[in-house]
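**Student:** Each chain, letter by letter, is given below.
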Amino acid sequence: MHDNANAATDDSETQLRRILQRCKTIAVVGLSAEWHRPSYFAASYLQGKGYRILPVNPRYAGGQVLGMPCVARLEDIREPIDMVDVFRKTADVGPIADSAIALGAQCLWQQLGVVNLAADAAARAAGLHGVMNRCVKIEHARLFGGLHWAGVNTGVVSARRRA
Amino acid sequence: MSDRLFRPETLAIHAGQVPDRETGARALPIYQTTSFVFDSAEHAAALFNLQTFGNVYSRLSNPTVAALEERVAALERGRAAVASASGMAAEAMALMTLLQQGDHVVAAGALYGGTVTMLAVSLAKFGITTTFVDATRPDAFAAAMQPNTRAVFAESLGNPSLAVLDIAAVADVAHAHGVPLVIDNTVPSPYLCNPLALGADIVVHSATKYLAGHGTTLGGVIVESGRFPWDNGKFPGMTEPSAGYHGVKFYETFGDFGFSMRARMETLRVYGAALSPMSAWQILQGVETLPLRMERHCSNALAVARFLRSHPRVSWVNYPGLDDHPQHALVQRQMRAVGGAAGSGGVPGASGLLAFGVQGGLAAGVKFIESAQFMSHLANIGDTRTLMIHPASTTHRQLSDEQQLAAGVPPDMVRLSVGLEHIDDILWDIDQALAAAARA
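One line per chain: the protein sequences are A and B, in this order. Numbered as in this note's numbering, the first sequence ends at 167 without a single skipped number. Numbered as in this note's numbering, the second sequence ends at 443 without a single skipped number.
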């Protein structure tokens, strides 16, 4: 069950909503160009919802993924980044967190199955939001309507029309 | 938007439905349509690839059905739910998504007859075997586990045995073997018992019963907890590219609702036992009052059980809400007391089913049924009306006396699904039918 009892953590519904509303430019580290990979699912969904997706993957550096130029490393991005979304092994997150902090990102988001506690702690200590073991696409869809389609318990109780 | 954890009475009315985006309609619209238009070829491709979420065809998903799915998921404190055309279709969806040829199931013995047939006959045709064990003994579940066991199946409250399952203990047995515990929670309803919170992994419901409550509409729902580790090596269908849905890895892609997505996209989509939007709407009308109704079902059933226990023409009573029932402590531990704490007007949440023996055996049982004035003789449970059945002369009549006893059906047994009529009228009808049975 999604535990949303503690509003002080970045996992709370309130904080996740805030993060997803503020972070409009997302560097996706480890974004695959293969359509059936989870990173492609997530990034193409977010692009469709108006987010600016910046692919980071040495495999496709110099080319394009989802119609956007792909770079090898976060440091190669030449524009402000709001969120760094990590589709990498847990062990690889440390240097990515350091780069996210150095580049002034607002959020370090570790995807489903990615849980680097030290990287999360470093990011939070530097004033970033830290989210672990969650999918940006799933949380967006849960909180802003799409996941209701799939019978997911969104936690939304409201007498207002869905925006 | 607050992070409040709402109570079931509130969720039963609100979860899964906010006012309609287009019209502002406060009540749930009935989206009676087979299909939904694509904005473009690209949009269609994204929907089929599950890269964007949305409706395609009502066999897969429908906005009215989705409201029921999310509401039951919320009431069960689960992650996600998928609805189906009946309770049996829900069980089939859960088991057919979990299992494949060569797999084995450990199941409680005194299950609803349709479930026994599904496991022992229908799934056996596809090479899936089942060992049935005593539902009241967690050690019997442990003893029956095999290397190829892939699911443990039981009812939280047995129908018609009224056996109470120690859900936490049996969940421990299942998890020690790396397999999920699947619980049929139809009889208590999610208001009285939340198996997922006690350690179960998947819940199935016949929504036809207490969830709908009005005896008009068939439906079923499965709910997943979102906590089972599908990547433990025993469930390649959850972790490997899906042959049934163009290479998607369901657990990796959808995480804690991966099982629900796989049930929807591989099982519901292919076998087709989808719930109609009209039926989902009718069931939801009932769900809104589920907590109120369950409270009255429980208090009426307890009053009937006490009346029968002291009645000279009744030889035995089986109701887990009675304090001398051998599993009463388990009821108090894992089911919600309703109407206040016990001792201050509250009653145990043992639901509305009970069984009793009419003195005089088979003939007296039949005469009791025939003599009732408003209690209905039929095969359903969980209706507003009080329902009754005499298994030895109906559902179990093809069995020998020995087989009936083995199935927990003595010749004098009558099962009641106690309804919402005034308790004095229910007791009157029972009493006059018992008097008629004694004259037989």
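Hints may contain errors.
A short list of chain A residues far from chain B (calculated; beta carbon distances all over 12 Å) [claimed, not checked]:
| # | residue |
| --- | --- |
| 1 | 17 |
| 2 | 42 |
| 3 | 56 |
| 4 | 72 |
| 5 | 77 |
| 6 | 84 |
| 7 | 121 |
Simulated crosslink set (BS3-like; lysine-lysine; CA at most 30 Å straight-line) [stated by the list, open to error]:
| # | chain 1 | residue 1 | chain 2 | residue 2 |
| --- | --- | --- | --- | --- |
| 8 | B | 237 | A | 93 |
| 9 | B | 252 | B | 370 |
| 10 | A | 28 | A | 53 |
| 11 | A | 93 | B | 128 |
| 12 | B | 252 | B | 128 |
| 13 | B | 237 | A | 53 |
| 14 | B | 252 | A | 28 |
| 15 | A | 93 | A | 53 |
| 16 | A | 93 | A | 28 |
Listed next, with one range per pair, are the computed distances between beta-carbon atoms [unchecked claim]:
| # | chain 1 | residue 1 | chain 2 | residue 2 | range |
| --- | --- | --- | --- | --- | --- |
| 17 | B | 45 | A | 76 | 25 to 31 Å |
| 18 | A | 63 | B | 25 | 56 to 62 Å |
| 19 | A | 166 | B | 343 | 21 to 27 Å |
Simulated from the structure, these hints should not be mistaken for lab results. Even for Gly, the Cβ is constructed at its ideal location relative to N, Cα and C.
**Student:** A separate judgement is required for each hint: does it hold in the structure or not?
**Tutor:** Hints, verified against the model:
Residue-level check failed: residue 17(A) sits 5 Å from the nearest beta carbon of chain B, not beyond 12 Å. The claim that residue 42(A) lies off the interface is violated: its Cβ sits roughly 5 Å from the closest Cβ of chain B, which falls inside the 12 Å cut-off. Interface exclusion of residue 56(A) from chain B stands, the closest Cβ pair being 17 Å apart, more than 12 Å. Every Cβ of chain B is farther than 12 Å from the Cβ of residue 72(A); the closest lies at roughly 16 Å, confirming the non-interface assignment.
Remark: the non-interface label on residue 77(A) is consistent with the geometry, its nearest Cβ contact in chain B lying 25 Å away (cut-off 12 Å). Residue 84(A), annotated as away from the interface, keeps every beta carbon of chain B farther than 12 Å; the closest lies near 27 Å. For residue 121(A), the shortest C-beta to C-beta distance to chain B comes to about 19 Å, beyond the 12 Å cut-off, and the non-interface label holds. Distance hint between residue 237(B) and residue 93(A) is fulfilled; the C-alpha atoms sit about 23 Å from each other, no more than 30 Å.
For the hint pairing residue 252(B) with residue 370(B), the CA-to-CA distance comes to about 58 Å; that exceeds 30 Å, so the pair is violated. Taken as a hint, the residue 28(A) and residue 53(A) pair is honoured in the structure, with Cα atoms around 10 Å apart against an allowance of 30 Å. Between the alpha carbons of residue 93(A) and residue 128(B) the distance comes to roughly 43 Å, so the proposed pair goes past 30 Å and is violated. Of the supplied pair hints, the one linking residue 252(B) and residue 128(B) holds, its CA atoms being roughly 28 Å apart against a limit of 30 Å.
The straight-line distance between the Cα atoms of residue 237(B) and residue 53(A) is roughly 36 Å, outside the 30 Å bound, and the hint therefore fails. Simply put, residue 252(B) and residue 28(A) have alpha-carbon atoms about 28 Å apart, close enough for the 30 Å limit, and the pair holds. This hinted pair checks out: residue 93(A) and residue 53(A) have alpha carbons roughly 26 Å apart, not beyond 30 Å. A distance of roughly 24 Å separates the Cα atoms of residue 93(A) and residue 28(A); the hinted pair therefore holds under the 30 Å criterion.
Range check, residue 45(B) to residue 76(A): Cβ separation about 29 Å, and the 25 to 31 Å hint holds. One distance hint, 56 to 62 Å for the beta-carbon pair residue 63(A) and residue 25(B), is violated here, with the actual separation near 44 Å. Distance hint for residue 166(A) and residue 343(B): a CB-CB separation of about 37 Å, inconsistent with the stated range 21 to 27 Å.
Violated hints for the displayed structure, listed by number in ascending order: 1, 2, 9, 11, 13, 18 and 19.
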